[in-house]
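Q: Below are the chains, spelled out letter by letter.
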Amino acid sequence: MTIIKKFDPVEEKSIRLPKKYIVLVVFSFFILTIINIWASNTVVSYGDKFENLSNMSRKLQTENQVLQNQIAKNISLNNVASKSAELGFLKTESIQYIR
Amino acid sequence: MRIIWIKIFFLLFFLAISVRLFYWQVIRAPFLQAQAEDQHFTDAKVSALRGNIYFTDYAILASSNPSYSLFANPKILSDKQKVDFSYRLAKILSEDGNVDDLAKGFIASLSKDLYWVSLRKNIVFEKKKQIEDLNVAGIGFDQTNTRFYPEGSSSAHLLGFVGMDGKGENKGYFGLEGYYDGELKGTSGLIRHEKDAMGLPILIGNFETTEARNGKDLVLNIDRSVQYIVEQSLKSGIEKYGAKAASAVVMDPKTGAILALASYPSYDPQKYFNFPKEFYKNSVVADQYEPGSTFKVLVMASAINEDLLKPDTKCDICSGSVSLGGFDIRTWDNKYYPDSTMKDVIVHSDNTGMVFTAKKLGLDKFYSYVSNFGFGSSTNVDLQDESSPDIRPKKSWKEIDLATASFGQGIAVTPIQMVSAVSVIANGGFLMEPHVVKTIKDNSNFYEIKPKIIRQVLKKSTTNTIKEMMVAAVDEGEAKFFKVKGFKVAGKTGTAQIPVAGHYDSAHTIASFVGFAPADDPKFVVLVRYDEPKASIYGAETAAPTFFDIAKELFSYYKIAPSE
Chain V
31 MTIIKKFDPV
41 EEKSIRLPKK
51 YIVLVVFSFF
61 ILTIINIWAS
71 NTVVSYGDKF
81 ENLSNMSRKL
91 QTENQVLQNQ
101 IAKNISLNNV
111 ASKSAELGFL
121 KTESIQYIR
Chain S
4 MRIIWIKIFF
14 LLFFLAISVR
24 LFYWQVIRAP
34 FLQAQAEDQH
44 FTDAKVSALR
54 GNIYFTDYAI
64 LASSNPSYSL
74 FANPKILSDK
84 QKVDFSYRLA
94 KILSEDGNVD
104 DLAKGFIASL
114 SKDLYWVSLR
124 KNIVFEKKKQ
134 IEDLNVAGIG
144 FDQTNTRFYP
154 EGSSSAHLLG
164 FVGMDGKGEN
174 KGYFGLEGYY
184 DGELKGTSGL
194 IRHEKDAMGL
204 PILIGNFETT
214 EARNGKDLVL
224 NIDRSVQYIV
234 EQSLKSGIEK
244 YGAKAASAVV
254 MDPKTGAILA
264 LASYPSYDPQ
274 KYFNFPKEFY
284 KNSVVADQYE
294 PGSTFKVLVM
304 ASAINEDLLK
314 PDTKCDICSG
324 SVSLGGFDIR
334 TWDNKYYPDS
344 TMKDVIVHSD
354 NTGMVFTAKK
364 LGLDKFYSYV
374 SNFGFGSSTN
384 VDLQDESSPD
394 IRPKKSWKEI
404 DLATASFGQG
414 IAVTPIQMVS
424 AVSVIANGGF
434 LMEPHVVKTI
444 KDNSNFYEIK
454 PKIIRQVLKK
464 STTNTIKEMM
474 VAAVDEGEAK
484 FFKVKGFKVA
494 GKTGTAQIPV
504 AGHYDSAHTI
514 ASFVGFAPAD
524 DPKFVVLVRY
534 DEPKASIYGA
544 ETAAPTFFDI
554 AKELFSYYKI
564 APSE
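Heads up: the protein sequence lines correspond to chains V and S, in order. Quick note on our numbering: the first sequence kicks off at 31 and runs consecutively. Quick note on our numbering: the second sequence kicks off at 4 and runs consecutively.
Hints may contain errors.
Said to hold, decoys possible - Capping the alpha-carbon separation at 20 Å, the derived lysine to any residue pairs in SDA-like fashion look like this:
no., chain 1, residue 1, chain 2, residue 2
1, S, Lys78, S, Gly108
2, S, Lys198, V, Trp68
3, S, Lys488, V, Ser124
4, S, Lys491, V, Ser124
If you are wondering where the hints come from, they were derived from the structure by calculation, not from laboratory data.
Using the sequences and the hints, build the whole thing.
A: Here is the structure:
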């Protein structure tokens, strides 16, 4: 007797992700996209602030340089000698050394 | 058949598109990329600041000051605003009170049919702030840096000045600005960043920077107070003695450090263009002159070093004038001292005694010592315009040349060579390389220039002997009336006739004095020189008093107590 085994087609078991995970992933991508757009917009506008800070830094460095030069001019010996003369200081004529 | 033609048509069309794409994406790619970058990138040059120059106490001698060029956009301003702004601007910028003419000039510039006009250059920081406070739209400033000298025209010959080269870039000329131009000027940087439609930087975009490297700073050996003392003394002396020119240099004999250097006539390095070019030359390093009797101490030292003479050796030709090669060599005052010792020869500044000394030394040894003392070659001082007069080849020297050179005529030297040579006597026998700069520094590195011994020229015993002779020259010689009491000073006067049209003119002289103090442990060597003084032709009556004025101030400044 011939035994013919009947092969029933095996039903493929489909792997199905739960719906909620798919929704979560899509929603996450959506949120990340929104955040990316928001961050880019915000950072782009910082260019203005960056420019202002750079300008302020340059301005302060320049003012510092100008003030240093002003101090140097005020303590120059020609200026000190002139101011001393105005204030009545006199040049030492003789120095007495004491042993 | 129709299908084939359609296929051919599509193929040709496809090929045409491919060729065109190849043209734009490969052949023209660099051009398009450059255009895109131009639209999306902005380049900002970051200027490097020129390095500062400091005195030894770090007080500023030269630095950079911001300077602004004012520009405007005439298209933005209305006619009424142009007039109003021009008058307000003229009030701020006017230097001679002539506001109307200045304002009319501005109005003319603003009336041009342009988007950009330059209104004024070299505006200082304070005036720029006043202009900004006017709150006028359509104006802007370009910043540059100009050189600033807080001591004014002091130390002009030391510094040199900063002008422009052929490319319009800042460049140093003469003095330290010229010699150290490479170190001082620095390297400009570049900031390249992406910009948005408003021209503002995009922080998350591409950002390339090449940092600017500011120039290196120089710290000098120059002492601010000593420089001031020397300049004031020289300025007062040049007026008092009616000299055409004057110069002085102070050196530390032990290290070769230049403590002060001054030269007149001088100029303002900030406005160098208002002065004749002849004034730019630093006569201390660039001017040659015949040293006269100041040279005698070096010749005498050479003979003593060779053990040919001693201080008490007697001169057997000093009883009268000496005839040589058809020339008559006399003393400066026609006074003769028979049986003079070598010490007397220096004290009396006796030319006939020097002829005796030179004969004992001989041409070969004389020439060798002249070279060893540094004459005929550059001292390598770190100032741009140094020159060195040649010494004639030995084979061309005649007996009369040796004789006249022994008292400093017929031989040319520079003041820096002379003071370096005398420093040999002051420091125990060593020729030092003179240096103005002590250290070169930037943010991260610090380079100290150490004292350099060129060679030993004299024995210590020789220097001790010649020092005593120079002290005697000060105590008993023509300059004794100006000596500072209580201090042991070694020195020698010099009065050299100036050669004019092949002969010496006795009415025109270079009057000089070189000396060091305190003689036993010298702190400084000073050379003072007057060109053609009118009040008196003699060094003893012009350069010597100035030397002692300077020495007196230096004794006080360095807190040196009298030793006698």
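Q: Evaluate each hint against the coordinates.
A: Taking the hints in turn, this is what the structure says about them:
1. Of the supplied pair hints, the one linking lysine 78 (chain S) and glycine 108 (chain S) holds, its CA atoms being roughly 17 Å apart against a limit of 20 Å.
2. This hinted pair checks out: lysine 198 (chain S) and tryptophan 68 (chain V) have alpha carbons roughly 19 Å apart, not beyond 20 Å.
3. Between lysine 488 (chain S) and serine 124 (chain V) the alpha-carbon distance is near 11 Å, which keeps this suggested pair within the 20 Å criterion.
4. A hinted pair counts as satisfied when its Cα atoms are at most 20 Å apart, and lysine 491 (chain S) with serine 124 (chain V) qualifies at roughly 18 Å.
Of the numbered hints given earlier, the model fails none.
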